[in-house]
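Chemist: Got chain A; can you put chain B on it based on the hints?
2 protein chains.
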Amino acid sequence: MTSFAVIGHIARTDGTFSLNDLPGTGGRMDVLCRCVNSSLFLSHDLRSDTDCYLVLCGEPSPPKTVRFLGSDVRSLSPDERSAGALIKKALSIPVGSEFRDATSGISVRKGGLARLMSEHAFAVLDEKGPDVRQAETLPEAFLLSDHLNFTTEEESLLAACPRYSVGPVCLHANHAITLVHNELDRRRCKWN
Amino acid sequence: MTSFAVIGHIARTDGTFSLNDLPGTGGRMDVLCRCVNSSLFLSHDLRSDTDCYLVLCGEPSPPKTVRFLGSDVRSLSPDERSAGALIKKALSIPVGSEFRDATSGISVRKGGLARLMSEHAFAVLDEKGPDVRQAETLPEAFLLSDHLNFTTEEESLLAACPRYSVGPVCLHANHAITLVHNELDRRRCKWN
Chain A
79 MTSFAVIGHI ARTDGTFSLN DLPGTGGRMD VLCRCVNSSL FLSHDLRSDT
129 DCYLVLCGEP SPPKTVRFLG SDVRSLSPDE RSAGALIKKA LSIPVGSEFR
179 DATSGISVRK GGLARLMSEH AFAVLDEKGP DVRQAETLPE AFLLSDHLNF
229 TTEEESLLAA CPRYSVGPVC LHANHAITLV HNELDRRRCK WN
Chain B
79 MTSFAVIGHI ARTDGTFSLN DLPGTGGRMD VLCRCVNSSL FLSHDLRSDT
129 DCYLVLCGEP SPPKTVRFLG SDVRSLSPDE RSAGALIKKA LSIPVGSEFR
179 DATSGISVRK GGLARLMSEH AFAVLDEKGP DVRQAETLPE AFLLSDHLNF
229 TTEEESLLAA CPRYSVGPVC LHANHAITLV HNELDRRRCK WN
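Residue numbers (our numbering), protein chains in the order written: chain A, 79 to 270; chain B, 79 to 270.
Same shape as in the complex, but just chain A (with noise of 0.2 angstroms):
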């Protein structure tokens, strides 16, 4: 089993925002679909055994975390707009602080990052960690931020956190994942 998550700084926390102006309104809910994407397609199928958290960090409600779970979605379409609608319709259900299903393989719960490191042992994906090629095993749960640094506090929270870098060159959260599951891919399948 494969996670990621991904935090959105400002990403909306209630379904408001205009699934035409995923970027302005939805606080860049766009990077966060384009994240979802990447962990959960497979050219013409899902990675079954994958999730994809998005801690969502934006106003009203902060902080909220929507999960995927690669294995039970089943409307999702790899557009933008589709991951977009789905969140949207994650966010508009009352929640508490378990994950409560809004649609199959889509659920949302108050709650943030401390909570979710409390669930797994993430690693960091960060330009400056060692090459993620070189290294001897790697982690089940990764961690990315959007377009934005992690906070001060967000930091201090990661200080014990494995690092990993994906390539010489700082990428979108959404590429990175990319980078990722193929190195976890060619492992796996004894291509190294």
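In silico DSS-like cross-links for lysine-lysine, where the CA-CA straight-line distance does not exceed 30 angstroms:
hint	chain 1	residue 1	chain 2	residue 2
1	B	Lys268	B	Lys206
2	A	Lys268	A	Lys206
3	B	Lys206	A	Lys268
4	B	Lys167	B	Lys188
5	A	Lys188	A	Lys167
6	B	Lys268	A	Lys268
7	A	Lys206	B	Lys268
None of these hints come from the bench; they were simulated from the model.
Modeler: Same frame as chain A, now just chain B:
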């Protein structure tokens, strides 16, 4: 200079598609928009050494080729809708057989794969090819298909092209572009 070209087998060749339904009315234009993103975007920058060609083969006037020059593009954002809007604008102007600028860095002409192949020495990204990581040298131009396989006619045009695989599982075209960029970045920066 690196070039990526993607064939959109049913991608609309006029500007009448809806930005609210890129997959449906655009003929899977969403696939091509994601390929533009993967070809051109770094974290907070554009890849000025990369071009992206979209070969559109859908109705009403196929084929047309839309070219994004990474060095000259100015108004592109990473979300699918942004690329879709620029493609729509390019497809709304009258064109002949030479590239005509629609907006900065984005141009369009009549003509498809055969013409493009006379201008670039493409390698084909193909899951049956040898591993891109093992190649002694890599070409400068890569050709991919959208969600559909190459047609018989396309395959005969491509018969003599070298082929490379990016990994052991079959991926979306935009994910494959990200993996090729990473391999090229690593070689350029001596990370291998």
